[in-house]
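Chains as they are written, first to last, in the numbering used here: chain E, 115 to 799; chain L, 115 to 799.
Treat the hints with caution; some may be incorrect.
Copies of the same chain look alike in the list, so a pair counts if it fits in one copy or across any two.
[As the list claims (entries may be wrong)] Here are the simulated PhoX-like pairs of lysine-lysine, each with C-alpha atoms no more than 20 Å apart in a straight line: (1) K737 with K438; (2) K537 with K337; (3) K737 with K715; (4) K715 with K438; (5) K415 with K350; (6) K734 with K590; (7) K538 with K645; (8) K799 with K785; (9) K735 with K715; (10) K740 with K715.
Quick caveat, the hints were computed from the structure, so don't treat them as lab data.
Number of protein chains: 2
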Amino acid sequence: MITKELFEPRHIVVIGGSNDPSKPGGRVLKNLIEGGFRGVLYVVNHKENSVQGISCYSDVSLLPSNVDLAIISIPSKPAIQAVKIMAKEKNCKAFIVLSAGFSETGEEGKNLEEQLIDICNEYQATLIGPNCMGVLTPHYSGTFAGPLPELSFDGCDFATGSGATAAFILENGINMGVKFSSMYSVGNSAQTAVEDILEYWDETFIPNKSSKVKLLYLEKIEKPSMFLKHCQSLIKKGCRIAAIKAGTSEAGSRAASSHTGALATSDSSVEALFKKAGVIRCYSREELILAAAILQFEPLKGKNIAIITHAGGPGVMLSDALSKEGFSLPALEGEKAERLLSKLFPGSSVSNPIDFLATGTSTQLGEIIDSILNDFQFIDGIAVIFGSAGLFDVSEVYKVLNEKIKNSSKPIYPILPSIIVAKKEIKHFFSLGRVAFFDEVRFGTILGRVYNTPFFDEDEAEQISDPIKIEEIISKNSSGYLPQSEAIALLDAAGISHVSEFIINQESEIEELNTKLPFPWVMKVVGPLHKSDVKGVYTNVKSLTAAIDIYNKLICIEDAISVLIQPMEKGVEIFLGAKRDKLFGPIIFVGLGGIFVEVLKDISPIMLPISTEETLFSLKKLKGYKIFEGVRGEEGCNLELLIDNIKALGQLLDYAPEISEIDLNPIIGNKNSVNAVDVRIRITK
Amino acid sequence: MITKELFEPRHIVVIGGSNDPSKPGGRVLKNLIEGGFRGVLYVVNHKENSVQGISCYSDVSLLPSNVDLAIISIPSKPAIQAVKIMAKEKNCKAFIVLSAGFSETGEEGKNLEEQLIDICNEYQATLIGPNCMGVLTPHYSGTFAGPLPELSFDGCDFATGSGATAAFILENGINMGVKFSSMYSVGNSAQTAVEDILEYWDETFIPNKSSKVKLLYLEKIEKPSMFLKHCQSLIKKGCRIAAIKAGTSEAGSRAASSHTGALATSDSSVEALFKKAGVIRCYSREELILAAAILQFEPLKGKNIAIITHAGGPGVMLSDALSKEGFSLPALEGEKAERLLSKLFPGSSVSNPIDFLATGTSTQLGEIIDSILNDFQFIDGIAVIFGSAGLFDVSEVYKVLNEKIKNSSKPIYPILPSIIVAKKEIKHFFSLGRVAFFDEVRFGTILGRVYNTPFFDEDEAEQISDPIKIEEIISKNSSGYLPQSEAIALLDAAGISHVSEFIINQESEIEELNTKLPFPWVMKVVGPLHKSDVKGVYTNVKSLTAAIDIYNKLICIEDAISVLIQPMEKGVEIFLGAKRDKLFGPIIFVGLGGIFVEVLKDISPIMLPISTEETLFSLKKLKGYKIFEGVRGEEGCNLELLIDNIKALGQLLDYAPEISEIDLNPIIGNKNSVNAVDVRIRITK
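Extracted from the complex, chain E is given alone in its bound form:
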C-alpha cells in the first residue's frame, strides 16, 4: 500500500529529531534541511525548544493535523504510540520508521512490529521500515545515510532490504560516477517490501522522464509473482533491472534469516524468477554498481567489441575477459585500417586491440574512435583504456572521450585505471556526467553478464489438452503418488507424450504381445516405487525366451503386482521434473539425464508460464547442450518436440495445483519422437 504522501509529502515531521548529527534523528533532519525540501518541516523533541533552527513540539499530540509523512527515530515502544496518534488523530498517511528493536530482535520485537503494521493498515497509511535507512527522492532526503549522492533524473532508482548495504552501495556508486535518482531502504519490509517499490515504479513510470535503471538488493522475495509482473512490465517500458539476492548458500541463508528474518528460498527458484523477469543477477555490491554503470550507456546491440588502449597489458587482459564472455574482437583490416594506422605513432597497432602506445594523444584517440564509428560499422561497442604513467595531465584525453561518448549512438566505455595518478582528471570526468570503470577485467565480466541476460517474450496462452479428464483423475485419487496407470492417463490428458506401455499379468500374454510389439523391449516391475533399487528394470530384452525368463523374475519381487513392457527407445536421455514451492509456485527442472543430473547437477529451473524462447535459452545454457544436437555419432534430440512437452507440463501444473511433484525421468528424445519412459506424479490435496 503506497500512498502519494510517501512520495510527495507537503508536510514532514521528524519524531525524535535532534541537534546531534551523529544520531539518526539529527542526521535525517540535517539531510532534509540541506536537501532543500520545499514543504513544511516539523520536529517533535520533548527535551528541546528548537532543533537545527526549527522550533519543536514537545509531544506528538500537539502537532497540527495536516502532516503527510512522519519520520520516526525514537525507541520501538514509544514509536508505536507515536504512529498510532499520527495515524488516528493527525491524518498522517506515510511513516518511515528508522528505529530498530522490532522483528529483527526476536519474539517481543516481532509482536511490536505487528502492532505497527496493524495501525498503518487500519488507517491506510504506508509504512517504510522499521529498522531502515529511510527514503531519498528528489522531493526530500528522508534518510540518515551520508554522504548523499547528487540526485539526477537519469540516475538509478534503488530499492534495498538492507540499510547499511544501501549506504555502502551509494558510496560504490559515487566512487564510479554512477548517479542515482532515488533510494528506498525498506528495512524489515514489515508492510512495504522491495516488491511494492517495484510496483510503484511500474505504475508511476513516465516515458522519457522516469529513470530506466533499477537496482535492487534483496534478502527475501515473499511476493515473487508481484516481483515478476512489475519487472516484466518495467522492462517492456524500456527499463533494465539489476539485482542482488543475498542468502542463497546455506550459511548465507542463515545469516539473512538472522538479519531480516528472510525465509530460505532455494537458489534455483531465484534463478528461475530472475530469468523469467529479465533481471541481471549480481552477487556483490561491486557487481551491482558495475552493472549500473554499464546500463548508463546506450545498449550494446551485438557482440563485436573494439578495444582502444594506450597500454598493452590491460588490452590483453580485457581481450581475454571479453572472449570468455563470448564477445568477438574482430580485427580491423584493409585500406581504412591502414589509413588509421598511418595517423598513429610508429609501433602502434590497429588489429584490435587498437594500441596507440603510451605516447598516444587526445587527437589520435578522437581519430581512432571516429574511424571505428564511421569505417567499421560492424563494431557494436568500444572500450577505451586510458590511464596515466604520471608523466602528463590526461585532461585533454578525457575531454575528447567525454565528447565522443556523448555524441555516439554506440556505447563507448571508458576504463580509467590510474585511480591515484589521474584522480583529478577522473573527478572532472565524473563532473561532466560520465561514469568510469577502473579494472578492465571486472568491466568485461559484468558487460558479459549484462549483455547475456535476455528478456523473453511470453508465448500466447494455449488451452490445456483435456481439462475434464485431468479433473476427473485428480479428484478420484487421494494424496500421494498416483498409480502408474493413472499417472499415464494424466500425461495423456495433458498432451505429454510417452512410450506405449503394456501391462502383463500372465506369462502367456507375452507371446501375444510379441505379435504387436517388436523387440527390443524394456520390462519393469509394477508395484514397488523405486524399481531400480529392487532390480526391477530390464532393458534391451531381445527374445521371447529372455522375456519369459525376466517376467518370472520380476513377478517374484516383493510387492510386485504385474509387469510393464515398453518398446526400447533410443535417443538422448532427458530429465524433466517439477516441484511446487510455497511462494514461487511450480518450478520445472530440465536437464540431460543420467550423470548430468546425478553427478554434474546440470539442470535449468524454469518458472511458469513456459515460453518457447526462454526454454530454448535454458536448454542452451546446459553444460551438455551439445548432446541435444548430437555427438559421438548419435542423432540428437528434436528440441521442438521437447519444448512442446515442457509446455504441456507447464499447463498441467498450472491447471492442477494438487500436483506437488512430478518426475519424467527419463524422457528419451531423438529426431522423430520425444517420449517419457518413466513417470512419477505426487498429488497433495
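We have chain E; now place chain L onto it with these hints.
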C-alpha cells in the same frame, strides 16, 4: 644474466636525463634524486649544462669509466650506440633501456633489439628492457612510473612484462594499503625475462629478510622449466607467488603478440605449469592485488571462518561467497557464545556471522575478536566488516582492529566498505601498516583462490620399467604412428597396464581363442587408423556365432590386416593422453572419457614429473570426479592404480623424447584393474 651492478649500483648514469618531468628521462632522474639514491648520479644530455641540479656530460664517451648502471631514455638507434660505448669503454655492467622502438614495432626494431642483446651478452652486462618502465628497489628508483609506493622490506616483490600494467598495479596496491619491496619491469624481455628475476629472487633469498610475497605479470613464459624451478624453490623457502598470465584466449594471445611479441601458449600448459609451481593464478590487476593483500596476513590454516559485521547485508553476501569457495562458517554455540552475546546490544547475533549491529562499539569488537580467538579455537580466520553510516568517526574501531590484527597468530581480515565516508580513517589505518579490503564478495572469492592453491611435494624419482626395450622400439620405428603391436610393446616396457589382446588372421582361430578367453569380447579391425569411423569396432560380443560373423565383416573392411580381440572390460571410461609442447615439454591430459572429454572438455593438464598428490588433486578437480568414486550403482575406479599408470606414462615421456603424442583412450578402470583398451602413439624423430 643478472649482475650485482643492476641491484646495487654505486654509480648510475641517466642517458637522456632531462629537466622535463613529463618525459621519461626527466621523471626517472627526478625519482632517482627523490628516492634518495646514495651513490653518484651522472646525466648525459647534449643540450643542457645541468639537469635537475646535476651537471651534464654532453656525450657518453666523456663519462668516467666506473659507471655501474646506465638508464637509457633516448631513441632506439642512438641508444644502441650509447650501450656499445658504455659496455665497451666504460665497463658498465647493467642497462635499463626505457626507450621503445624495438621488437614491438616490427622487423627493423627486432633487428635493433638483437644488436642490443648481442652487445650486452658480449660484455656480460645485464639488460632490462627495452620498452620498459624500469626498476624500483630500496637502493634506487630507476623507473619513470609515479607516484611511487613507499618501499618496505615486508612488502611484495613484483616483476612484470608490461610497463603500464605495472604502474596501474602499483596504484591498485597503494589504494588498498599493499606495500611493495621492489618492482622490475622487463619490457620486451630481450635478455632478462620475468623468469630471470625469479631466479635472482631465489638465489639471493635471505630468510627473515627477503620479501615472501612475489607478484608476477606475464604475457609470455619462454623458460618454463626455469620458472618452475625457482617458483618451487621460493615456495619451499616460505614464499607465496601470485601471477597473471595474460593472453590465453585467441584474441588475447593476438593482442599479447602485438604488445610484447609473446608466442601463443595454450592455456592448459599455463594451467599445468602454475599448478606444479604452486602459483596462485589471477586474471586481473584487481585479483593480483587482492591476492597480494591476503598474503600479507598469517596463512589461513583451515576452512573455518568467522565473520564479524556491524551490517547485516555484507555479512550475508560474504557468507554466500565463502560457502561457494568451500569455506565453513561454523555457528558459535554454547555457554561461551551466550556470554559473548550478553556483552552486545539487544538484537545482536553470535551465530556466525556475528552481527553486532550498526551501533556496535570498538570495545565490543575487541571482545568479540578475543572471544573467538580464545573460546572458539576451531575458527581458523576472521573477517571483520566495519564501515560507517556517516554518523560517527570510526577511528577507535579501526584502532582496535589494528591492534588485534597485529597481535593475532590467526589472520584477521579487515573489510572496510565505506571508501568515501570513512576515507580519512581508512587512510590512517593504512598508515599503521595495514591493508584493507573494500568488497566482501571479491575478498571472499580471492581468499578461496589463495587457500585452494596448494603446493605439492614431489615424489621420489622412480626407475623406468624397461629402458632397453623402450630404446629398441623407438629406434627401430620411423616417425609416425607406431603399429599396434609396437605401441602395445611400448606400454609393456613402460609398465602401463592394458587389456590382453589377441590378433586373429583366420576364422578358425576364433574357436581356439574361446577356450582361453571367455565372452564377452571386443573385436576391432587392425589396419585403418580411425577404427570407429569405418565401423571397425564391435563390443559385447557374446557368442561364437556372433564372433565368426563379426570377424568376416571386419576383415572385409578396406585396409584391414587382421582382427584384434580383447576381453570386454567393465568400469569407468577414462581418457589419458599427452602432447609435447616445444617450450613446456610433455603435458599429460587426464579426464573421464566419452562425453566428459568430447562435450564438457573436462580435462586436467599435468606437467612432468608426475607427483601422486598433484595427480590426485587434478583428478578431484574434474567436474565428473564422483564417477571415479562410483555412482548409479557402478563400483568406481581404483585411483591408486590409475595414478600408477599416469606415473608410468610420465616416465615414458620423460625417457623417450621422440614420443610426440600418445592417446590411451579409453582406459577402463574398476576396483581391481585399470587397463588401457586402445592406444595410439606417435613418434617424431
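Hints versus structure:
| no. | hint | result |
| --- | --- | --- |
| 1 | K737 with K438 | both (15 Å within a copy, 19 Å between copies) |
| 2 | K537 with K337 | neither (44 Å within a copy, 38 Å between copies) |
| 3 | K737 with K715 | both (10 Å within a copy, 10 Å between copies) |
| 4 | K715 with K438 | between (22 Å within a copy, 15 Å between copies) |
| 5 | K415 with K350 | within (17 Å within a copy, 51 Å between copies) |
| 6 | K734 with K590 | neither (39 Å within a copy, 50 Å between copies) |
| 7 | K538 with K645 | neither (71 Å within a copy, 68 Å between copies) |
| 8 | K799 with K785 | neither (38 Å within a copy, 48 Å between copies) |
| 9 | K735 with K715 | both (13 Å within a copy, 16 Å between copies) |
| 10 | K740 with K715 | both (16 Å within a copy, 12 Å between copies) |
Hint check: violations occur at hints 2, 6, 7 and 8; the rest are consistent with the structure.
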